[in-house]
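A.B. asks: Sequence:
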Amino acid sequence: MGRHSCCYKQKVRKGLWSPEEDEKLVKHITEHGHGCWSSVPKQAGLQRCGKSCRLRWINYLRPDLKRGTFSDQEESLIIELHAVLGNRWSQIAARLPGRTDNEIKNSWNSCIKKKLRQRGIDPNSHQPLGDLKMPTVTPENVNRAVAENSMASTRLSDPMAAFSLAQLTFRPDDRPHCSTVIDRSRSSMSKANGVELQSSCSFDGGILPWSELAPDMDAQLHLGGESEDLKWSEYLLGVFPTPSASQTQTQSQQFTGLGAWHQNQNQQ
DNA sequence: AACAGAGGCAACCGCCGCCAG
DNA sequence: ACTGGCGGCGGTTGCCTCTGT
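For our numbering, count along the first sequence from 1 and bump the result up by 380.
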């Protein structure tokens, strides 16, 4: 249990991914798809375990990632979804196109929780701190609500409506800046983007279409926050070719900053 | 300028569920 | 029915950067 067999078979590298490793993984998946993750490291020439490759791809190399600061709408949405789904980050991520469960989880733990407490809201129960009269949003409650609604074609709209969530949303004016700054010098920052995949990279793991869950927020989500956010794809455009361009360039041309990474590695 | 503490974030660990043999 | 392999998930860790002194 735990560690997969592939991790025992060969000596696998750990720690931050180098640009070369990213390049190899992107190249392999772009050309062949990931298929069986456990075989990806070998086929791609990586000394990593399959799980590590999968994680790296899903969280950083996937071309449809948005990255950058969470918009107010996204943060509010995360809070609302967390009130209903709890720590089911993958399901929450499924409602936020371009966001990963890891990113949302990190944001929740480092940023959003703090903000909720500052507002006098318990991030676990989503109720005012010290207010014990209100029914608590527990996993049991959520499960019950979800189960009840799943009877009718697995819709979650009612559980969402069952909880009064207006109190949980942030006002845009007083939010402390919660930034995910793209640091170009950081060694492990992936440089991949704009790669068209054969394999699916859509958010299809959700339990129902986003439009069914909160149809009117869908538009807001795509409009909000874009202007101030440094979009991952935009950042990467400078160092990584667009899909059309990538087909005519060698992969080695698509990555920059190798020197910085080597320097970093040497320092260690 | 140097240091210490806090915060952010990438990656790993361990567990679970599914599925094929 | 059982077992092992694998994908997926959530929790946690540890490194790096930032910020305050």
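Calculated from the structure, these hints are not laboratory results. Fair warning: there could be bad hints in the mix.
[Stated by the list, open to error] Simulated pairs of lysine-lysine, DSS-like, Cα-Cα distance not exceeding 30 Å:
(1) K495 / K422
(2) K431 / K394
(3) K422 / K493
(4) K485 / K431
(5) K407 / K431
(6) K422 / K407
(7) K446 / K394
(8) K394 / K422
(9) K431 / K493
(10) K446 / K495
(11) K394 / K407
(12) K446 / K431
(13) K407 / K485
(14) K495 / K485
(15) K485 / K446
(16) K407 / K446
(17) K495 / K394
(18) K422 / K446
[Said to hold, decoys possible] Pair ranges (Cβ atoms, derived):
(19) E400 / L509: 27 to 37 Å
(20) Q498 / E411: 18 to 28 Å
(21) E411 / D502: 40 to 50 Å
Even for Gly, the Cβ is constructed at its ideal location relative to N, Cα and C.
A.B. asks: For every hint, state whether the structure bears it out.
C.D. replies: We went through each hint and held it up to the structure:
1. Among the hinted pairs, K495 with K422 is inconsistent with the structure: their alpha-carbon atoms are about 44 Å apart, more than 30 Å.
2. Between K431 and K394, the direct Cα distance comes to roughly 11 Å. Compliance with the 30 Å bound is thereby established for this hinted pair.
3. Distance check on the hinted pair: K422 and K493 sit about 40 Å apart at the alpha-carbon level, beyond 30 Å; violated.
4. About 19 Å separates the Cα atoms of K485 and K431, which keeps this hinted pair within 30 Å; it holds.
5. Note on K407 and K431: the hinted pairing holds, with a Cα-Cα distance of about 17 Å set against a maximum of 30 Å.
6. Between K422 and K407, the direct Cα distance comes to roughly 13 Å. Compliance with the 30 Å bound is thereby established for this hinted pair.
7. For a cut-off of 30 Å, the pair hint linking K446 to K394 stands: about 26 Å separates their Cα positions.
8. The hinted pair formed by K394 and K422 meets the criterion: a straight-line CA distance of about 15 Å does not exceed 30 Å.
9. Under the criterion of a C-alpha separation no larger than 30 Å, the hint pairing K431 with K493 is consistent with the structure, at around 29 Å.
10. Our distance criterion of 30 Å between C-alpha atoms is met by K446 and K495, whose separation comes to about 23 Å.
11. Restraint check for K394 and K407: satisfied, since their Cα atoms lie roughly 20 Å apart, inside the 30 Å limit.
12. Using a Cα cut-off of 30 Å, the hinted pair K446 and K431 holds, with the two alpha carbons roughly 22 Å apart.
13. Annotation: proposed proximity of K407 to K485 holds, straight-line Cα distance about 28 Å (limit 30 Å).
14. For the proposed pair K495 and K485, the alpha carbon gap of about 15 Å is at most 30 Å, so the pair holds.
15. Restraint check for K485 and K446: the C-alpha separation of about 15 Å stays at or below 30 Å, so the hint holds.
16. As the CA atoms of K407 and K446 are separated by approximately 20 Å, the hinted pair is consistent with the 30 Å bound.
17. Taken as a hint, the K495 and K394 pair is broken in the structure, with Cα atoms around 34 Å apart against an allowance of 30 Å.
18. Restraint check for K422 and K446: satisfied, since their Cα atoms lie roughly 29 Å apart, inside the 30 Å limit.
19. Checked against the hint of 27 to 37 Å, the C-beta distance between E400 and L509 comes to roughly 49 Å, which is inconsistent with it.
20. With their beta carbons about 48 Å apart, Q498 and E411 fall outside the hinted range of 18 to 28 Å.
21. For the hinted restraint 40 to 50 Å between E411 and D502, the CB-CB distance of approximately 49 Å keeps it satisfied.
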